[in-house]
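From first to last, the protein sequence lines are chains A and B.
Numbers 1 to 194, taken from my numbering, label the letters of the first sequence in order.
Numbers 1 to 194, taken from my numbering, label the letters of the second sequence in order.
Bear in mind the hints are in silico, worked out from the structure with no lab data behind them.
Treat the hints with care, as some may be off.
Copies of the same chain are indistinguishable here, so a pair counts whether it falls within one copy or spans any two.
[Stated by the list, open to error] Straight-line alpha carbon distances no greater than 20 Å define the calculated DMTMM-like cross-link-like pairs of lysine to aspartate or glutamate that follow: (1) Lys119 <-> Asp102; (2) Lys61 <-> Asp91; (3) Lys154 <-> Asp171; (4) Lys27 <-> Glu62; (5) Lys162 <-> Glu77; (6) Lys119 <-> Asp149; (7) Lys192 <-> Glu97; (8) Lys162 <-> Glu179; (9) Lys176 <-> Asp159; (10) Lys3 <-> Asp150; (11) Lys164 <-> Glu179; (12) Lys176 <-> Glu73; (13) Lys193 <-> Glu77; (14) Lys154 <-> Glu73; (15) Lys3 <-> Asp149.
2 protein chains.
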Amino acid sequence: MSKNKIRPGVYLYPMPVSLIGTNVNGKPNFMALAWVNVVEFKPPIFAIASYETHHTNVGIKENRTFSINIPSEGMVEVTDYVGLVSGKDLDKSEVFEVFYGDLKTAPMITSAPVNMECKLLKRIAMKELTNTEKGHELFIGEVISAYADDSYIKNKIPDISKVKPFVYSIDNNYWKVGEHLGKAFSMGKNYKKG
Amino acid sequence: MSKNKIRPGVYLYPMPVSLIGTNVNGKPNFMALAWVNVVEFKPPIFAIASYETHHTNVGIKENRTFSINIPSEGMVEVTDYVGLVSGKDLDKSEVFEVFYGDLKTAPMITSAPVNMECKLLKRIAMKELTNTEKGHELFIGEVISAYADDSYIKNKIPDISKVKPFVYSIDNNYWKVGEHLGKAFSMGKNYKKG
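This is chain A alone, in the form it adopts within the complex (with noise of 0.2 Å):
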């Protein structure tokens, strides 16, 4: 093994892939997104970034909620599309089957297995910490409510082998999630140095 520095970059492998969900001038438009993260758990908050030009973005500013909801593998053509077309240059409030929770403001997708309604805590500018000209922008959303089909939940919470969540790389592909490896804060105990 000899390590080879390689161009900085963005190297997560892999993502997972969300479908974001705003009102924008009073009609829902969705966008998918990689760049998704769970940043606190008592109470649920997320972390989405999304470039500043995104449709998205102005309808986040505008009501100061947002949804995230999770595709399944069937959904992977309609993810990719929602992705691939701006709100700015086509309507995509018919794309999907759509409702509203407690926020009244962030629609979510009725065919999505798992929905979240999010509330916006705050905004981070990235071009402030970089001093570049645009950049992408940091949302901080608590998860006010979470809905889900009960077909899809086992033990209380949604069974990942239900929803048949996907996964993107940065090679711009999208992968199914695969076999079973282990459990986690389990198979740890017994690992001994070799």
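Fit chain B to the known structure of chain A by using the hints.
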């Protein structure tokens, strides 16, 4: 399909798995972390969230540097091990063969296929947003240098099929990355609403 409310939570399916490297009191320390996210591309920037009492947080605040290492399938047991045991209770400096790069204080794991060393740009204490007594800290760090062995590289970036990363689900399981589903920013062009 009928949507039901479930308990608000961090239902991200699935999450990536990383190993965060820090120096604490001059000794390398590593922690498994799924709460890791890309937040900017140019320059490359990550956000990672770690509970404030973690040894890792001490190291990041001490040196203003940390590393993100992507483990492969074969490292799942040792990844879980360093996620189970705190550096406060056990010296983890001998668990991995370590190397240092340009930042000098961000230890990286030789056996991990991909390594990125990051310079801290900003820290956010989540408890200040939530009015709770304790909480996670969000560390925003720029990738200064990245490393990989030639054997993992294809078209100048690490190849997911060679890296063989794995993912985590919140029911505490690890999973392999599975079958190829399609080409991103491409397959959506064929989408027609049914």
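Each hint tested on the structure:
1. Within a single copy, lysine 119 and aspartate 102 get their C-alpha atoms as close as 10 Å, which meets the 20 Å cut-off; across copies the closest is 39 Å, which misses it.
2. Proximity of lysine 61 to aspartate 91 under the C-alpha cut-off of 20 Å is restricted to the intra-copy arrangement: shortest distance 19 Å within a copy versus 46 Å between copies.
3. Taking identical chains as interchangeable, the C-alpha atoms of lysine 154 and aspartate 171 lie at most 20 Å apart only when they sit on different chains, with a minimum of 10 Å there against 34 Å within one chain.
4. Taking the shortest Cα distances, lysine 27 and glutamate 62 sit within 20 Å of each other inside one copy (12 Å), while across copies they are farther apart (47 Å).
5. Only within a single protomer do lysine 162 and glutamate 77 lie at most 20 Å apart by alpha-carbon distance; the minimum there is 19 Å, versus 25 Å between protomers.
6. Neither within a single protomer nor between protomers do lysine 119 and aspartate 149 lie at most 20 Å apart by alpha-carbon distance, with minima of 22 Å and 42 Å respectively.
7. In the homo-oligomer, the alpha carbons of lysine 192 and glutamate 97 lie at most 20 Å apart only across protomers (15 Å), although the nearest pairing inside one protomer, at 51 Å, exceeds that limit.
8. Proximity of lysine 162 and glutamate 179 under a CA criterion of 20 Å is satisfied in both settings, with 14 Å inside one chain copy and 17 Å between copies.
9. For the homomeric pair lysine 176 and aspartate 159, the shortest alpha-carbon distances inside one copy (15 Å) and between copies (16 Å) are both at most 20 Å.
10. For the identical chains of this complex, lysine 3 and aspartate 150 are inter-copy neighbours only, at 8 Å across copies versus 48 Å inside a copy, given an alpha-carbon limit of 20 Å.
11. In this assembly of identical chains, the alpha carbons of lysine 164 and glutamate 179 lie at most 20 Å apart whether taken from the same copy (12 Å) or from different copies (12 Å).
12. With identical chains, the CA atoms of lysine 176 and glutamate 73 are at most 20 Å apart both within one copy (7 Å) and between copies (16 Å).
13. For a Cα distance limit of 20 Å, the shortest separation of lysine 193 from glutamate 77 across copies, 10 Å, qualifies, whereas the shortest one inside one copy, 44 Å, does not.
14. Taking identical chains as interchangeable, the C-alpha atoms of lysine 154 and glutamate 73 lie at most 20 Å apart only when both belong to the same chain, with a minimum of 19 Å there against 26 Å between chains.
15. Taking the closest pair of Cα atoms, lysine 3 and aspartate 149 come within 20 Å of each other only across two copies (5 Å); inside a single copy the shortest separation is 47 Å, beyond that limit.
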